[in-house]
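A.B. asks: Spelled out from the first residue to the last, the chains are:
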Amino acid sequence: MNNAIILAGGMGKRMHSEKPKVLLEVLGKPMLEWVISACEDADIDNICIVKGYGAEQIDEYLNNRHETAFQPERLGTGHAVMCAAEFLKKNKSGHTFIACGDAPFTDAATIKSAYEHHVNNNAAVTVVTADLDNPHGYGRIIRTDDGISAIVEEKDCSDSQRAIKEISSGCYWFNTEELLGALPKLTRNNAQGEYYLTDTISILLSEGKKACAFKTDNCDAVLGANDRKGLLKLNDIARMRIIEKHLENGVEFVTTDSVVIAPDVVIGASAKILPGTMLMGKTVIGKNSVIGPNSRLTDVTVGENSVLDNVVAACAVVGSNASIGPFVQLRKDTVIKDYAHVGDFVEIKNSTIGEGTAVAHLTYVGDSDVGQNVNFGCGVVTVNYDGTNKARCTIGDNAFIGCNTNLIAPVKIGEAAYTAAGSTVTKDVPDGALAIERSALTIKPDYAKRKLTRHIEKGKRLKH
Amino acid sequence: MNNAIILAGGMGKRMHSEKPKVLLEVLGKPMLEWVISACEDADIDNICIVKGYGAEQIDEYLNNRHETAFQPERLGTGHAVMCAAEFLKKNKSGHTFIACGDAPFTDAATIKSAYEHHVNNNAAVTVVTADLDNPHGYGRIIRTDDGISAIVEEKDCSDSQRAIKEISSGCYWFNTEELLGALPKLTRNNAQGEYYLTDTISILLSEGKKACAFKTDNCDAVLGANDRKGLLKLNDIARMRIIEKHLENGVEFVTTDSVVIAPDVVIGASAKILPGTMLMGKTVIGKNSVIGPNSRLTDVTVGENSVLDNVVAACAVVGSNASIGPFVQLRKDTVIKDYAHVGDFVEIKNSTIGEGTAVAHLTYVGDSDVGQNVNFGCGVVTVNYDGTNKARCTIGDNAFIGCNTNLIAPVKIGEAAYTAAGSTVTKDVPDGALAIERSALTIKPDYAKRKLTRHIEKGKRLKH
Amino acid sequence: MNNAIILAGGMGKRMHSEKPKVLLEVLGKPMLEWVISACEDADIDNICIVKGYGAEQIDEYLNNRHETAFQPERLGTGHAVMCAAEFLKKNKSGHTFIACGDAPFTDAATIKSAYEHHVNNNAAVTVVTADLDNPHGYGRIIRTDDGISAIVEEKDCSDSQRAIKEISSGCYWFNTEELLGALPKLTRNNAQGEYYLTDTISILLSEGKKACAFKTDNCDAVLGANDRKGLLKLNDIARMRIIEKHLENGVEFVTTDSVVIAPDVVIGASAKILPGTMLMGKTVIGKNSVIGPNSRLTDVTVGENSVLDNVVAACAVVGSNASIGPFVQLRKDTVIKDYAHVGDFVEIKNSTIGEGTAVAHLTYVGDSDVGQNVNFGCGVVTVNYDGTNKARCTIGDNAFIGCNTNLIAPVKIGEAAYTAAGSTVTKDVPDGALAIERSALTIKPDYAKRKLTRHIEKGKRLKH
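Respectively, the protein sequence lines represent chains S, B and V. First residue of the first sequence: 0, per numbering that gives the first Met the number 0; consecutive thereafter. First residue of the second sequence: 0, per numbering that gives the first Met the number 0; consecutive thereafter. First residue of the third sequence: 0, per numbering that gives the first Met the number 0; consecutive thereafter.
Any given hint might turn out to be false.
Unchecked claim - So the derived list for chain V, only partly shown, Cβ under 7 Å to chain B, looks like this:
#, residue
1, 314
2, 328
3, 355
4, 434
5, 437
What the hints assert, rightly or not - Derived CB-CB ranges, DEER-like:
#, chain 1, residue 1, chain 2, residue 2, range
6, B, 218, V, 225, 25 to 31 Å
7, S, 456, V, 63, 31 to 37 Å
8, B, 44, S, 459, 41 to 47 Å
9, B, 280, V, 248, 41 to 47 Å
10, B, 448, S, 64, 43 to 49 Å
11, S, 135, B, 156, 38 to 44 Å
12, S, 444, V, 444, 34 to 40 Å
Just so you know, the hints here were simulated from the structure itself, not pulled from any lab data. Note that CB positions come from ideal geometry on N, CA and C, so glycine has one too.
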C-alpha cells in the first residue's frame, strides 16, 4: 500500500488571488488536479492533500475525493508532512511519495520509474532529480558511488557544487516507516526557522540508511510558478506540449494562435482545429471533424465528420456528420444526433434533437424531445417556463414547425404534423394535422403615407 | 509547347489522413493547387498530374481541369515520370518541367527563370537548386565549369561534398525528347529498388549531353512536409509571407495573431484586418474597410469603407460604406448594396439587400429581393419554404416591415408599404398600404398573482 | 508656465494612408494622442500641435482641445517649430518641450525628469537621449565635461563617433526665450535644404549658452514607424508591455494570443482575460471578472465577479455578479445592474436592465427602462420605432414578458404583470394583470399529408 502526500498549503501572495495557489489553473485545470491526476495514474493507493491557506476552498474543490490534512501555519515542507503524520501512521506498510501541489508537470511515468528505482535500491529515501541547463536557485544533488550524500541549497554551494546541473525537484519517495522515524528529528535551527523536509536525508544517512536519486527526463516536472507571469509560462509550455501531441496523432491546425486544448481532451486523426478554439475538460472530438474557428467546448463529445463553427457548448453530445453553427450555444444535457443541422443564432438546452433534424435559424429549443427529420422554421420558441413551472415539449418525426411559432409546454406535436407560421400552439397536435392560430389579414390602403414620414425622408436623402 | 509533370502519387502516411498528401492544405488551398497555380502562372502549356494513392480523390478535385496519369505503385520519382510517358509523347516538341506536388512554394518566377537558363544553355536537363544554411538530408549539387556533374545524396557524400550548401529542389527542366530517351535507361539497381529521376543526369551526361543547375533565391521552394508538424510549419511560413506582402501594400494589423489570409486574397490600402480574421479563397477587400475581429470570409467581395465585424460569409458581395455585424452570417448568393446596414443576429441567404436598407436585428432574409431604404424591424422572417416548395419575397423601396413579421413567400410588399408588428402576411401588400393581422388585446386584472408564484419568490430572495 | 510643441506635420507616405501619420493608431489610440497624454501627464501647461499634411483631420480629431499651428510646407523640424513662434511668444516665460508626434512611447516620467535636469543645470537646451544597442541611423551625442558639444548625424560620424551608443531621441527641453532667439538664426544651407532644429545646439553653444543631455531608461521612447510593418512592431511592443503590467497586478491570462488591451484600460486583480479579447478606450474591469473569449469592449465599465463571454459592447456599464453572453451586443447607453443575466443573441441599446433581471435569449431591448427581477421570454422585441417616432418602454419589477411578445412603445408594463406568449401589446398593462392578444387555435386533421411532400420524402431518404 503506497501513499502520496501532496503539499498544497501555500498562498501564492504574488498571484494577487483569493484562491490558494494550488487551485490556480493551467489550461483550465487547477495545478493541484494535475498533480492528483499524476498520482492516480501512477496507481498510488492513498492520497492525502496537506491544505493550509484557503483550506475550505480546497475541501470544497476536493469534495471528499481524497483525504486531507491541515497545516495550521506555514513552518516549512517538513512541517507540512508532519501535519499528515496520522495519515502516514494509518498506511505505514509501504512507501510514500511527497509531491508539490504547485508543480503541475509532475508525471505518472516519473513517479512510477522513481518508485522502481527506490525499491530496487532498497533506499530509505529517493529524491526525484533533473538536469537543468540553468540550475540557479535549485538545490544541487551530491552523488556518491551508490546514492547521494546531500542536497545543497544554492546559497550554501561551493564553486564546484554550484556547477552541478542535477537538481532536486522537491519530490521524493520515502519508505513510510523511515519517514515516520525521521520526521520527529527535524528541527527549526536554521535561518528561516522552518522544518525542512530535505533535512531528512542527512538524518537517514546518519542512521546508516540509504538515500538515492532518480533523474527524470521530464525537466518540466520541476517547474512551478510564483506569480502570474510564471503561471502564464506554465500555460504556454503545457499548451504547446499538448498541441504537439495532437499534431503527432494527425490533428490539423492552420495556426495554433489562440488555440487552447486542456490536458484530458481526446481528438481523432484528421480532425481540424481552427484558430480561437478552446477545448476544455474531458472533451472528445471524432475523426475528420472540424472545430472552430472561435468555438469553446467544455466536456463535449463530438462524433466523426461533424462541423462546429463558432459554437459555445458545455456538457453536450453531438453525433457524426452533424453541422452546427455559426453562432450556436449548446447548453447542459443537449444531445444532437447524426446528420442533424443546427444553424445560426440557435440555443439548445436540455433537449434531444433527432437524426437529420434541422433547426436552422434564430430558434430556442429548451427541455424538449425532438424526433427525426423535423424541420424548424426560423424564430421558433419552445415556451418551457410560465413563471411557476417548467415543462417539456415533444415533437414527432417529420413534423414541420412554422416560423415564429410558440410551442407552449407541455405540448406534443405529432408525427408529420404542421404548425402554421406565427401560431402560438397551446394544445397537442395529432399526427399529420395542421395547427393554426391566426387572425384575418387586413389591408389598409394608403395608411403608410401618414405613418412613415421620417423613414421616407431618410430614403429621399439617400437618393440625393 | 512546354509541359509540366506534377508528381502527386504519395500517401503521406505520417499525416494520418485519408486524403492523398498533395490534397492537404496550406492556408486552405491544397498543396497541389499551389503547384498547379505556379505552373499556370509560368504559362506552361500542358500540365499532367501523376496520381497514385487516392487517385479518385485527385480526379474529383481536378474535375478534368488538367490531364492526369496513374502510377499504380510507388516505385520512385523516375517511375512516376515514366507513368506519364504517353503525355510526354503527345507533347514532345519542347521542354518539360518536373514539379513536386507537395512543395507548395514552388513559384512561377523560379520556373520561368529556370526555363530561360535551361534554354539559353542548351541543356538537356536543368535542376532547380537553392543554397541552404542547413543542407542536411538534401542532395548536393556538384558544379563544373559549365554545368553540373552530379547530384550526390547525403549518405553518399564525402566530407567536402557534405560541406556544399547548394542542394537540389527536386524540380527540373528537361528537353522533352532527351527525357523520353533517358527514362527507359533508368534501373532499380539500388538499395531501395526504385527508379530515381536523378539518375537521368548521369545517363544524359554519359551521352555527352549537358546538365545545368539554376539556383533560385526562393529557398522556401524546396520545402515540403512529411507530417502534421511540418505541414503546420508550411502554413506558418506562408501566413507570415502573405501578411508581410499586405503590410507593404499599406494594410493595417493591430496584431497578426489568429489572422489567416489565403494566397489569392486581394486587400486595398488602409484596410484594417483585426485579430481572429480568416480571409479565404478569392476574397477581395476594398480600401479603408475594416474586417474583424473574428470574421471569416470565403470568396467574398467587399467594397470600400465597409465594416464587417464578427461576420461569417461565403460567396457574397458587399458594397461600399456598408456596415455588417456583429454576429452576422451572409450565405451563398447574397448581395448587400452600398450604405446598407445588417445588424446583430441576422442571416441573409440568396437575397439582394438594396442601397441604404437596414436589417438591424434578429432577422432572417432568404430568397428575397429587397429594395432601397427598406427598414426591417427586429425578428422578421421571410418564410421561404412550406415543406414542399421554396419561393421568393419581393420588398419595394422604402417599405417598413414591422417587428416579428412573417412574410409568407411568394409575397410582394409594395413601395413604402407597412406591415404591423406581429403580423403574418400571406397576401401582397400594395404600395403605401398597411397590412395588419392581429387580434384584440385582452387585459385580465390580477391574473399574474396566481401565475407567477415561483418567479416572484425569486425576486423576493434577490432583495433579501 | 511651460509649453510643449508636438511635431505632427508628416504624411507618412509609406503608410499608404489618407490620414496624416500621427493619426495612425497604436492599440486603437492615435500616436499623437499617446504623445499628448504624456505631455498632459507631465503637467505641461500649454500644448501646441504643429499640423501640416491632413491638417483638417487633425483639427477634427483635436476638436479644439489644444492649440495648433500650421506648417504650410515640409521644410524640416526647425521650420515646424518656427511655425509655432506665435504660440511661443505668448508663453515665453518658462521652458518648452519639443516632442515628435509619431514617437508614441515618449513618457511623462522622462519628460519630467528631463525637465528637472534641464532646470537644475541651467541649460538653454537639453536633448533627451537613450543608449541603443544598435544606434545605426540615429544622431550620436558628443558629451563634454558638463554638457554636450554636438549631435552628429550618422553620415557625418567619424569611426569613433559611430561607436557611440548614446543617441538623440529628437525630443528637447528649451528655455523658451533662448529658443525664440535661436530660431531666426537657422538656415537651409545643407544638402536637404531644410531648417534643422538640431542646429539650435551649435547656435546656442556659440553664444556661450549651455547644452545638456538627459538620458532616459525608456529606450522605446525613441521609436517611431515609417511603414505599416514598423507600425505593427510598435503595436506589438505596446501590447506586450501593457499585458506585462496587468500580469504584475494579478490579472490572469491562459494565453496572450489575440489579446489587445489599450493603454488606458484598468483591470482588477484576479480578473481573467481569455483569448481573442480586445479591451479598448477607457474600459474598466473589476476584480474576479472573466472577460472573453472573443469579447470586444470599448469604453465599458464592468464590476466584480461578472462574466462577459463573446460580448461586443461600447459605452456601457455592467454591474457586479452579472452574466452576459455568449453572443451579446451591448450598445451605447446601456446599463446592466448587478446579478442581471443577458443570454445568447440579445441586443440591448440605450436601456437599463434592473438587478436580477434575466433577458435570456433572442431578444432586443431598445430605449427601455426595465425593473428588477423581470423575466423576458425568448424572442421579445421592444418596438421602439414606428417609422416616424422613437419612444420608450417601461417594465416594472417582477414583470414576466412572454416569448415572442412585441411591446409597442410607448407602453408601460406594470409590476408583476404578465404578457402571454406571441402577443403584441399596444396598451399599458396594470400591475399584476395579464395581457393577451391571441386568436383561437384551429386544428385541421390530415392537412400535413398534402403539404409536406418534399419534406417527408427527405425523411424517408434519411432512413434508407
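A.B. asks: Classify the hint on residue 314 of chain V as holds or violated, based on whether any CB of chain B lies nearer than 7 Å to its CB.
C.D. replies: violated (15 Å)
A.B. asks: Quick one: are residue 444 of chain S and residue 444 of chain V within 34 to 40 Å, going by C-beta?
C.D. replies: holds (37 Å)
A.B. asks: A closest beta-carbon separation below 7 Å is what the hint needs, so does residue 434 of chain V meet it against chain B?
C.D. replies: Result: holds, 5 Å to nearest chain B Cβ.
A.B. asks: Does the beta carbon distance between residue 135 of chain S and residue 156 of chain B stay inside 38 to 44 Å, or does it fall outside?
C.D. replies: holds (42 Å)
A.B. asks: Measuring from beta carbon to beta carbon, are residue 448 of chain B and residue 64 of chain S in 43 to 49 Å?
C.D. replies: holds (47 Å)
A.B. asks: Checking hints one by one. Is residue 437 of chain V an interface residue toward chain B, by the C-beta closer than 7 Å rule?
C.D. replies: Because about 6 Å separates residue 437 of chain V from the closest Cβ in chain B, which is inside the 7 Å limit, the hint holds.
A.B. asks: May I ask you to test the hint 25 to 31 Å on the CB atoms belonging to residue 218 of chain B and residue 225 of chain V?
C.D. replies: holds (28 Å)
A.B. asks: Between residue 280 of chain B and residue 248 of chain V, does the C-beta distance stay in 41 to 47 Å?
C.D. replies: holds (43 Å)
A.B. asks: Does the Cβ pair residue 456 of chain S, residue 63 of chain V satisfy 31 to 37 Å?
C.D. replies: 32 Å Cβ-Cβ, so the 31 to 37 Å window holds.
A.B. asks: Would you say the C-beta atoms of residue 44 of chain B and residue 459 of chain S sit inside 41 to 47 Å of each other?
C.D. replies: violated (58 Å)
A.B. asks: Grab the minimum C-beta distance from residue 355 of chain V to chain B and call the hint holds if it beats 7 Å, violated otherwise.
C.D. replies: holds (4 Å)
A.B. asks: Is the interface hint for residue 328 of chain V satisfied, with its Cβ closer than 7 Å to some Cβ of chain B?
C.D. replies: holds (5 Å)
Comparing the model with each numbered hint stated earlier shows that hints 1 and 8 do not hold.
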